[in-house]
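My request is simple: use the sequences and hints to build the entire structure.
Everything in the sequence shown is counted per the numbering used here, starting at 1 for the first residue and increasing by one.
One or more of the hints may lead you astray.
Using 25 Å as the maximum straight-line C-alpha spacing, the simulated DSS-like pairs for lysine-lysine come out as follows [as the list claims (entries may be wrong)]: (1) K153 <-> K141; (2) K182 <-> K192; (3) K192 <-> K76; (4) K192 <-> K57; (5) K153 <-> K182; (6) K141 <-> K57; (7) K57 <-> K39; (8) K39 <-> K147; (9) K76 <-> K123; (10) K76 <-> K141.
Derived CB-CB ranges, DEER-like [said to hold, decoys possible]: (11) T27 <-> K192: 35 to 45 Å; (12) L16 <-> T61: 37 to 47 Å; (13) T27 <-> N157: 43 to 53 Å; (14) L16 <-> R154: 47 to 57 Å.
If you are wondering where the hints come from, they were derived from the structure by calculation, not from laboratory data.
Each residue gets a CB set at the ideal place from its N, CA and C atoms; glycine is no exception.
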Amino acid sequence: MKKFVAESWMILLLGLVFAVLLAGAQTTLQPTIRVNQQKALNEAIGMVVPGTVTTEKVAVTGYDREVFRCLDGSGKLVGWAIDAAGMGFADQIRAVIGLSADAERITGLKVIENVETPGLGNKIAAEPADESDSVWADQYKGLSAGKETAVVKRAPNEGANEVQAVTGATISSEAVTDLANKAVQHVRPELKKQDRPAAAESR
1 MKKFVAESWM ILLLGLVFAV LLAGAQTTLQ PTIRVNQQKA LNEAIGMVVP
51 GTVTTEKVAV TGYDREVFRC LDGSGKLVGW AIDAAGMGFA DQIRAVIGLS
101 ADAERITGLK VIENVETPGL GNKIAAEPAD ESDSVWADQY KGLSAGKETA
151 VVKRAPNEGA NEVQAVTGAT ISSEAVTDLA NKAVQHVRPE LKKQDRPAAA
201 ESR
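Take a look at the structure:
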């Protein structure tokens, strides 16, 4: 009995030590994690809104994530970038959606965080092998920002606001499209009213 009690206390003590070490590691790594997340966000903005040199944050009523006005080197508005998130098949998916300067067209979509199934759902975040290679998220380029995008299991109809689901990962495909639809429809009316940029901040 004494041996059992002693072993129980040892297990509890080891668990406590492990928890303290884990918390310490998280605290130490937090600044690095934040830097990497910001870098991923900046790179995504440049991909989904071509020509972006500087950005400024835009406040949108009722939207709790970041929205950016994207400017070229001369300060001209080239588009908008929306940080969006929603639940996927496994956990939260985070993406950046680009809109044209008039907020009429989607200029790109980039998934920057996901833990979807390897080889299936995680294809939503696939990277092109080279400049001529196309990936799943490329389907969003040129779609209307004024209409909701639908996910289909066949090839999208010409001129329709549709994207074809990743084979075997319809839930992940629908999750990305849903978060994009919700973010764009919430933010777009405010963006269309904005016409004067404030002081720009370099990315």
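Status of the hints after comparison with the structure:
no.	hint	in the structure
1	K153 <-> K141	holds, 18 Å
2	K182 <-> K192	holds, 16 Å
3	K192 <-> K76	holds, 16 Å
4	K192 <-> K57	holds, 15 Å
5	K153 <-> K182	holds, 21 Å
6	K141 <-> K57	holds, 23 Å
7	K57 <-> K39	holds, 16 Å
8	K39 <-> K147	violated, 31 Å
9	K76 <-> K123	violated, 34 Å
10	K76 <-> K141	holds, 21 Å
11	T27 <-> K192: 35 to 45 Å	holds, 43 Å
12	L16 <-> T61: 37 to 47 Å	holds, 45 Å
13	T27 <-> N157: 43 to 53 Å	holds, 52 Å
14	L16 <-> R154: 47 to 57 Å	holds, 56 Å
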